[in-house]
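Q: Line order of the protein sequences matches chains G and S.
Take the first sequence: its letters are residues 0 to 446, numbered as in this note's numbering.
Take the second sequence: its letters are residues 9 to 468, numbered as in this note's numbering.
These are computed hints drawn from the structure, not numbers from a lab.
Check each hint, because a few of them may be wrong.
[As the list claims (entries may be wrong)] Cβ pair distances, simulated, as ranges:
no.: 1; chain 1: G; residue 1: Glu-78; chain 2: S; residue 2: His-239; range: 33 to 39 Å
no.: 2; chain 1: G; residue 1: Val-243; chain 2: S; residue 2: Ser-411; range: 55 to 61 Å
no.: 3; chain 1: G; residue 1: Asn-163; chain 2: S; residue 2: Gly-226; range: 50 to 56 Å
no.: 4; chain 1: S; residue 1: Glu-244; chain 2: G; residue 2: Lys-97; range: 40 to 46 Å
no.: 5; chain 1: S; residue 1: Asp-80; chain 2: G; residue 2: Lys-330; range: 52 to 58 Å
no.: 6; chain 1: S; residue 1: Gly-226; chain 2: G; residue 2: Glu-78; range: 51 to 57 Å
no.: 7; chain 1: S; residue 1: Arg-110; chain 2: G; residue 2: Pro-244; range: 34 to 40 Å
no.: 8; chain 1: S; residue 1: Gly-197; chain 2: G; residue 2: Glu-368; range: 46 to 52 Å
no.: 9; chain 1: G; residue 1: Arg-75; chain 2: S; residue 2: Ser-363; range: 51 to 57 Å
From the three backbone atoms N, C-alpha and C, an ideal C-beta is built for every residue, glycine too.
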Amino acid sequence: MGIPNIISISVNRVLRTERCFRFAVKVLLVLLGMTLTTRAADWSGPEQQLARKIVAATGPGAVAVTFENRSSLGKRENEIVQNGLRSALESLGIRFVKVEQAAATVVISLSENAASYVWVGEIRQGTGEVAVVMVSAPRAEGLTAIRDSVPLSLRKIPLWTQENPILDVAVLEEGATPTHIAVLDPETASLYRMQGGKWQQEQTLAIVHARPWPRDLRGRLIPARDHLLDIYLPGVICHSTASVPLTLNCSESDDPWPLLSGPLVSGTLNGGTLSVFPSAGLGNGASTVVPQISAFFAPTRNFFTGVLTPGVGKFTTVPKFYSAALLPREKYTLWIFAATDGQVYLVDGANDQAVRLGWGSDLGSVKTECGAGWQVLATNSGDAAGDSVRAYEFPDRDPVAVSAAVDFSGPVTALWTEARGDASVVVARNRDTGSYEAFRLAVVCSR
Amino acid sequence: MRLFDWRWFVVGSALAVTMAAKAETRPQYGGTLHVAMRAAPASLDPADNSQPDSLARRSLTMLIFDTLVTTDDNGRVLASLAASWQVSPGNRWQFRLRRGVRFHDGTPLTAEIAADSLRAANPAWNVATDGDTVVIERGGAGPELLAELARARNAIAKRNADATPGGTGPFHIVDWQPGKKLTVAAEEGYWRGRPFLDEIEIEMGRSFRDQTIALELGKADLVEVAPEQVHRISLEARRPSSSLPIELLALVFSRDANSADDKMLREALALSVERGSIRSVLLQGTGQPAASILPNWMSGYGFVFPSDADLARARHAREQVREIPRWTVAYDGSDPVARLLAERIALNARDAGLSLQPTAPSATATAADLRLVRIPLASGDPWIALADIAALSGAPPAKPKNSSVEELYAAEQSMLATQRVIPLFHLPVSYAASSNLKNWTTRSDGTWSLADSWLGSGKP
Chain G
0 MGIPNIISIS VNRVLRTERC FRFAVKVLLV LLGMTLTTRA ADWSGPEQQL ARKIVAATGP
60 GAVAVTFENR SSLGKRENEI VQNGLRSALE SLGIRFVKVE QAAATVVISL SENAASYVWV
120 GEIRQGTGEV AVVMVSAPRA EGLTAIRDSV PLSLRKIPLW TQENPILDVA VLEEGATPTH
180 IAVLDPETAS LYRMQGGKWQ QEQTLAIVHA RPWPRDLRGR LIPARDHLLD IYLPGVICHS
240 TASVPLTLNC SESDDPWPLL SGPLVSGTLN GGTLSVFPSA GLGNGASTVV PQISAFFAPT
300 RNFFTGVLTP GVGKFTTVPK FYSAALLPRE KYTLWIFAAT DGQVYLVDGA NDQAVRLGWG
360 SDLGSVKTEC GAGWQVLATN SGDAAGDSVR AYEFPDRDPV AVSAAVDFSG PVTALWTEAR
420 GDASVVVARN RDTGSYEAFR LAVVCSR
Chain S
9 MRLFDWRWFV VGSALAVTMA AKAETRPQYG GTLHVAMRAA PASLDPADNS QPDSLARRSL
69 TMLIFDTLVT TDDNGRVLAS LAASWQVSPG NRWQFRLRRG VRFHDGTPLT AEIAADSLRA
129 ANPAWNVATD GDTVVIERGG AGPELLAELA RARNAIAKRN ADATPGGTGP FHIVDWQPGK
189 KLTVAAEEGY WRGRPFLDEI EIEMGRSFRD QTIALELGKA DLVEVAPEQV HRISLEARRP
249 SSSLPIELLA LVFSRDANSA DDKMLREALA LSVERGSIRS VLLQGTGQPA ASILPNWMSG
309 YGFVFPSDAD LARARHAREQ VREIPRWTVA YDGSDPVARL LAERIALNAR DAGLSLQPTA
369 PSATATAADL RLVRIPLASG DPWIALADIA ALSGAPPAKP KNSSVEELYA AEQSMLATQR
429 VIPLFHLPVS YAASSNLKNW TTRSDGTWSL ADSWLGSGKP
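Just chain G, same shape as in the assembly:
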């Protein structure tokens, strides 16, 4: 008796498991269907229109229909449209048959022009002339495809996307992920807060400037200690008030831009030295003491003039440069400047050295718990369709690549080290969509 009972229980369990499995599969399919449905554009309007025009020419009856996709519609959308058109034609009395049995043949081409999709029906009945009917369908707004980051040493975390150029993004608050950010574009600084899983705009502040901005405009958002933000733009500096709702006070200024950003640890200003990146490294919380340096930015150009204050050791000027990074050493700090002449200058206070590394114009340093503890993130060079960023270490004066390159879908337009110091904000212009995409680029220890 025991055995059948066991079998019965087992069978029941199997059946229950199978029912559960089927239920789960159905739920998944429904969810998948919902996802597909919500993601797909609604083509029913133009499908019905084209079907009506075709049937007006052929009348209801036996018709041979073929489809050609001459547009950029993907395979799935193509199938959705074809199925929709078939349904619409069937509902109007069309019966699909082979060419030999058809009273009319219809070639439906899914085409497109610069502004919209164009669906064309070419109708042949007997030996008569071809009748052409067509409709246009608005293009679906494409979802911005964000490629997964390469899970090696550099992790690319999307922060913000918009059509206007993004000059910088500052993460003001975060838990596991950023929850409060500021986005700088040429005319505004906007604050966004994550609420209910979505970014909600909190405030937008206009940036007042009298002169036209230079091309290849650059700008920095730097969190401040006694107020929320400072904004540095060519020839203009803005200071925010301390709390929301903020006001922004902008004025023409040639004051230098700090090369190190971040809410510096209180009371660390001591004889010209500052603790930088106190939150970086996460583990021991130790900060690194290096001299704070600022640099003058050319008010009508896209580069730093090379004049430093207070200077790196004996060097108060370096060649004009686009960006800078630092690598603290035991007894000195090595500064690395991406100069406008395409060379990289290494300055340690006593010596300088120009090298050609094949890097791009943008670099920044990060302090992490990986490898030597400090890495330089640098863009690549050349005319490739998209840029990439790679991490390097400098055991001595020669860089060693320590990560795989992380690709971006267009040119990198900004790379600034975040205030927390262990990551950078990278902005790239997506070549396909034209939008500007800001990412946090974090170094992840792979071993």
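Add chain S to chain G, keeping to what the hints say.
A: Chain S only, in chain G's frame:
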């Protein structure tokens, strides 16, 4: 003793390779760009209709002048000198001008100057001012006004006493030798930001061959490339860049078809041209065979007009006619491939039993029965492009009612039915640049944009 570390060797080798690449990605200010072009405009006035329209002329215009609005590659309208606009019932358009914009001579941009400029370009328009706004009233339906205003010919110019037009564009004129040479310099206070380049020197009236030589010798940074040379240039890795097909190569009759026989013969000619083999051999694979006026990327339906030769139908059509006239076809003598194209078309026509005589241009050109022409499409807006071709060919203008794609198709079909134009190819316009020139772009309308370009070797 420290052993040789192979990891360092690998890294060092990799760095050596990358060092060979250019180490610059952010734009650099400075330098003089040298451009060569085939067109030789005698005037820089955007509204001067006595000058032939060309993509090169449009490119020059947009260096010096701005339009009220611009369009992007998807045809979306963007604000330019007009910061905003609104349309009221009765097709009354009001454009509010951007504040703080100045002409190169320092004169502020005003609504009056803008209105004067638009009136000069479009005498038939009703243009007025209302405070700091320009008001355009257009009775009845017509091509989209915003796309029309984005055309180079509608760029805003201040006409000075010495007849030189002044602009608000990214570059101002330094030296102008009509039809020969133009030098422009960066406008420091340009409202969109100073261009990266300091100067641009443009040599005009240079043949394609001369331009290619100038590029090879490093005397030019940006040159035009003839369609049939694109393939060769790309094999030589000289970075050719081509637009979408934006020029229509067509046979245009000088008069309407005046009889049934005439119509039959024109149909025979259209059916006889072997566009596929002409493209392969004479155009070296460049361009799209076309039987439509508008390219498919503009209309979306271009493929429904069959462009394959059909000699049987051509002969059949020709056989319906007793007397075959001897047509003359004129071609552009300065275009080396035009003669070959005309001769090849004449050969195809002969196969169909027609008589076509290519003739050298100049004096006889006006008397020719047909012209083999390259027509730059006027705009990325299909209605404007169609209306422009109609005006050039003498066909009745297209008048949209609701601007639907089906209406566009009907308008194009009726224009083709007049048989004034036999479309042959849609050609892209192609350029080649030196490796120094960065970030230069060919707009969808075939013009080049240099305001954001920079020279890699320039000094900031």
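Q: Taking the hints in turn, state whether each one holds.
A: Tested hints:
In this structure the hint that Glu-78 of chain G and His-239 of chain S lie 33 to 39 Å apart at CB holds, the actual value being about 37 Å. For the pair Val-243 of chain G and Ser-411 of chain S, the supplied restraint of 55 to 61 Å is violated, since their beta-carbon distance comes to about 46 Å. Taken as a hint, the range 50 to 56 Å is violated for the pair Asn-163 of chain G and Gly-226 of chain S, whose Cβ atoms sit roughly 38 Å apart. Separated by about 52 Å at the C-beta atoms, Glu-244 of chain S and Lys-97 of chain G break the suggested range of 40 to 46 Å.
At about 54 Å, the beta-carbon gap between Asp-80 of chain S and Lys-330 of chain G stays in the expected band of 52 to 58 Å. Separation of Gly-226 of chain S from Glu-78 of chain G is about 53 Å and conforms to the stated range, judged on CB atoms against 51 to 57 Å. Restraint check, Arg-110 of chain S to Pro-244 of chain G: a C-beta distance of roughly 36 Å satisfies the suggested window 34 to 40 Å. Against the hinted window of 46 to 52 Å, the Cβ-Cβ separation of Gly-197 of chain S and Glu-368 of chain G comes to about 50 Å, which satisfies the hint.
Distance hint check: the CB atoms of Arg-75 of chain G and Ser-363 of chain S are about 55 Å apart, consistent with the given range 51 to 57 Å.
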